[in-house]
Amino acid sequence: MQSLLAVSGLQKVYEGSGRRVEAVRDLTFSVEPGELVCLVGPSGCGKTTLLKCVAGLLAPTGGEVLLEGRRVSGPPPGMAVVFQEYGRSLFPWMRVRDNVELPLKQKSSLSRARRRELVAEALESVGLADAAGAYPWQLSGGMQQRVAIARALAYEPGVLLMDEPFAAVDAQTRADLEDLVRRLWRERGMTILFVTHDIDEAVYLGERVLVLSASPTVVQEQLKIDLPAERDQLHTRVAPRFAELRTHVYEQIQAAKRGSQVSDPAG
Amino acid sequence: MKERRLGGETPLSNARPEPGTGPGPGPAPGSGPGPGPAPGSGPVVGLTKGQRSGGPRPGLTNAVLGGAGLAAFLALCEAVPRLGIVSADFFPPTSRIADAFVAELGDEAFWTALGDTLTGWALGLAIAVTAGILAGVVVSVVPYLRQATASTIEFLRPIPSVALIPLAVLLFGTELRSVLLLVVYASFWQILIQTLYGVQDVDPVAEETARSYGLGTWARVRHVLWPTALPYVMTGVRLAASVALILAVTAELVIGAPGLGSRIAVAQTSGAVPEMYALVVVTGLLGLLINVGARTVERRALTWHQSVRGEVAV
Amino acid sequence: MKHLGLRLFFALALPAVLVVGWWLASADSTDVYWPPLRTILTAFPDVWTGERLRDDVLPSVLRLSAGYASAAVAGIAFGTVIGSYRRVRAACEPVLEFLRAVPPPVLVPVIMLFAGIGDTMKIAVIASGCVWPILLNTVEGVRAVDSVMSETARSYGITGVARLRHVVLRSASPQIFAGLRQALSIGIILMVISEMFAASNGLGFTIVQFQRSFAIPDMWTGILLLGLLGVLLSLLFQLVERRALGWYRGLRAASLSRLGSPPGRRSRFRVTDRAQPSSVGPPRARPLETDAPLRLTRRRRSQ
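Protein chains in written order, with the numbering used here: chain Z, 183 to 449; chain X, 2 to 315; chain Y, 2 to 304.
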């Protein structure tokens, strides 16, 4: 069976000024349709580089990314990205509604009425139907990130990429947004690749967690999260299985860090 | 106000509290909210290294490109009249302008004119700077004066200084004072406004601290207000320096006060076209020198301040 | 209500004092060059009749608009191109650095060679003086488009014209407006000078005529009118800017309050928002440059 998203042998090397930095060494993984996969790894392990390569925003040095069997060489039409820096990702000169609609205008197949419908639906499902006429900077950080998510929803992407989307919001908002992502994923049957540095978040959200090593990055472990599909902040997080899984991931990441420290200089 | 840009390469990044500066996401190469160069435009190696994306090599490339651009521009100016696209009578080729330029440099009258222009510029600027700073500080420190003067300043500032030309001619003829009137009027506002903004930027905490230690008005002006306002004042001086040159040359050109401007006017009326172009180039170089000089002084004087402001501006 | 009254008082008190002061001080003036304000004001309607307005003021304003508009179009267009390509920026930098340093008024005799002394000359002079601040500020603004924003646009397939229109130009608009504002005052200067130099009508021409024929009160009315024109155009500009950059003011205010220093709690050195000529000074969030230092290619080091 063909994966929706297949990353094979991905390598990214930054070169210049006589220095060469290997950010991502050799990454291979795949995402099946309708999956919610979390990528978690130590700080500075090249998660964002990886995501940008997948999104077609960066050209990999080696290996390839396949979306529905087609090689990604630039931003593909069927992909949407939610960035961590919501404040810089939303356009401050546009109202929320226009922010969500702008990408849709690039899809010539959509009629004006259909666009309106998609925008309204998307804002509704993130609970921001009332804020359509506001400017992004009039909203709180969490609400801004909801707008960014709504924009991605309205775009109806084949794969939704999320780059540490909740790293810059406060803890309570974060919990709400995590539940929002879970809900949207279940309601809409979307395929999500979610990058985070937060182990709890990865375990709580993911159906599968990919643990990355420290830079230069490889996949340290792939872990199936066998928690029930119905999750909530209160009970899931205190479930023994949750604790086991997060401990396991934590150990893996510690090992990854140690591994990178003791590895030979060439590595 | 380039010191403002220090907070981040991309100004809008300053508009928000920077996300993820905590122990959160590390500086993944080529990512993160740092001064990320456009993907693929340069290496980003860790944080400290990453900030210097314009290493020696790109700098060299830029210099080469800039030199090539300049050479192309000069060659174009040579070719256009030679090919007859524009008459050489109106637009002499670069080489002839260069000849005239060299001839000017050997002419004593040219140096006198240059001296006159610089005198008008420097004197006018000095008066404007002194008056602007004094007025700015007084207006800010005396209670209610800022509110009371705001509307007047807003009204007087946009009045074009060239409106004063006829008055200057009547009062002072072609004397230096004519030039000074225009130069001072135009550059005064730049300094005043910048000073006002600078004083407004005073950190209330610092101000309250100073008060709580019983510092008097004068001491507060000296130790709290002035250091904060200095960067703005320097910016004002830089802006005023270019404005002052424009008005000095204008006064000479239109009123006929001695200087480069009137020399240009003479060259024009006597049909000495290459000389006129050479003089225009001289004023351009002068302007360039003043810009670069003012910017250098500004930067030198404020090195200690920039890091502070960079943080404040984030 | 009390606040509004107070503000009105502050706004009007000093101007009233100044006008009254001028009136009283000049009332018995016998100095030819400083006629009584009363004389000037009574001369005003006689001098600036409908005919004069049509034959002198209107042509001046039209030339200014034509020159200014062409400078805006050219400056924004070329600035966008230059700002979008790093290499083009590098190649253009020294030449632009020089051209912008040339004091615009010396262009008058140069352009007279090509364009004679007609309207074309004046429009060309105004355009060639106004274009540099617009161009350079556009370059700076386009160069500084936020990296996350451009990546967002790219990932959503917003490219080409849509990107230019919705992302690049909008994001650069605060800086473009700063350039436009600078260009406006240069434009007025050039309008007046080009008419003083060679013209048969126009504000600058008329005022110089008054001066040469020693019609001093008339000359003073001209100076007043020119001042009024400057103030009026500046107000008009602020109005347009306020509309176009409403989002930017909001953004700035929002980021300011998020910094934890609410504007209201600044020291008493602070001015009220109303009194503050928001369009002139350096804002805190993102510099609205009154003069963009030419940094086309070199990246500044943070810290």
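Mixed in with the good hints there might be a few duds.
Stated by the list, open to error - List of simulated lysine to any residue pairs, SDA-like, C-alpha gap at most 20 angstroms: (1) Z/Lys439 with Z/Glu403; (2) Z/Lys287 with Y/Leu13; (3) Z/Lys289 with Z/Arg279; (4) Z/Lys287 with Y/Gly22; (5) Z/Lys289 with Y/Leu165.
Stated by the list, open to error - Going by beta-carbon spacing under 8 angstroms, a handful of chain Z positions derived as facing chain Y: (6) Gly260; (7) Pro285; (8) Ala295; (9) Glu299.
Said to hold, decoys possible - Simulated DEER-style distance windows between Cβ atoms: (10) Y/Tyr86 with Z/Ser255: 20 to 30 angstroms; (11) X/Arg300 with Z/Lys406: 53 to 63 angstroms; (12) Z/Gln415 with Y/Tyr86: 47 to 57 angstroms; (13) X/Ala76 with Z/Val195: 32 to 42 angstroms; (14) Y/Phe115 with Z/Ser255: 16 to 26 angstroms; (15) Y/Ser201 with X/Ala123: 52 to 62 angstroms; (16) Z/Gly244 with X/Thr210: 52 to 62 angstroms; (17) Z/Gly244 with X/Val87: 18 to 28 angstroms.
Worth flagging that the hints you see were computed from the coordinates, not collected in a lab.
The model shown is predicted, which means the values in this text are computed figures rather than measured ones.
Glycine included, C-beta positions come from ideal geometry on N, C-alpha and C.
Evaluated hints:
1. Z/Lys439 with Z/Glu403: 13 angstroms, holds
2. Z/Lys287 with Y/Leu13: Distance of about 50 angstroms is beyond 20 angstroms: violated.
3. Z/Lys289 with Z/Arg279: The hint holds at about 16 angstroms.
4. Z/Lys287 with Y/Gly22: 61 angstroms, violated
5. Z/Lys289 with Y/Leu165: Status holds; Cα separation ~17 angstroms.
6. Gly260: 10 angstroms, violated
7. Pro285: 4 angstroms, holds
8. Ala295: This hint is violated: Z/Ala295 lies away from chain Y, its Cβ roughly 20 angstroms from the closest one there, beyond 8 angstroms.
9. Glu299: 18 angstroms, violated
10. Y/Tyr86 with Z/Ser255: 20 to 30 angstroms: 22 angstroms, holds
11. X/Arg300 with Z/Lys406: 53 to 63 angstroms: Once the Cβ atoms are compared, 58 angstroms apart, the range 53 to 63 angstroms for Z/Lys406 and X/Arg300 holds.
12. Z/Gln415 with Y/Tyr86: 47 to 57 angstroms: 49 angstroms, holds
13. X/Ala76 with Z/Val195: 32 to 42 angstroms: The hint (32 to 42 angstroms, Cβ to Cβ) holds, given that X/Ala76 and Z/Val195 are roughly 41 angstroms apart.
14. Y/Phe115 with Z/Ser255: 16 to 26 angstroms: With Cβ atoms ~50 angstroms apart, the hint is violated.
15. Y/Ser201 with X/Ala123: 52 to 62 angstroms: Taking Cβ atoms as reference, Y/Ser201 and X/Ala123 lie about 37 angstroms apart, which means the hint is violated.
16. Z/Gly244 with X/Thr210: 52 to 62 angstroms: Given range 52 to 62 angstroms: holds, Cβ gap about 58 angstroms.
17. Z/Gly244 with X/Val87: 18 to 28 angstroms: Violated - the Cβ-Cβ distance for Z/Gly244 and X/Val87, about 55 angstroms, lies outside 18 to 28 angstroms.
In summary, the numbered hints that this structure violates are 2, 4, 6, 8, 9, 14, 15 and 17.
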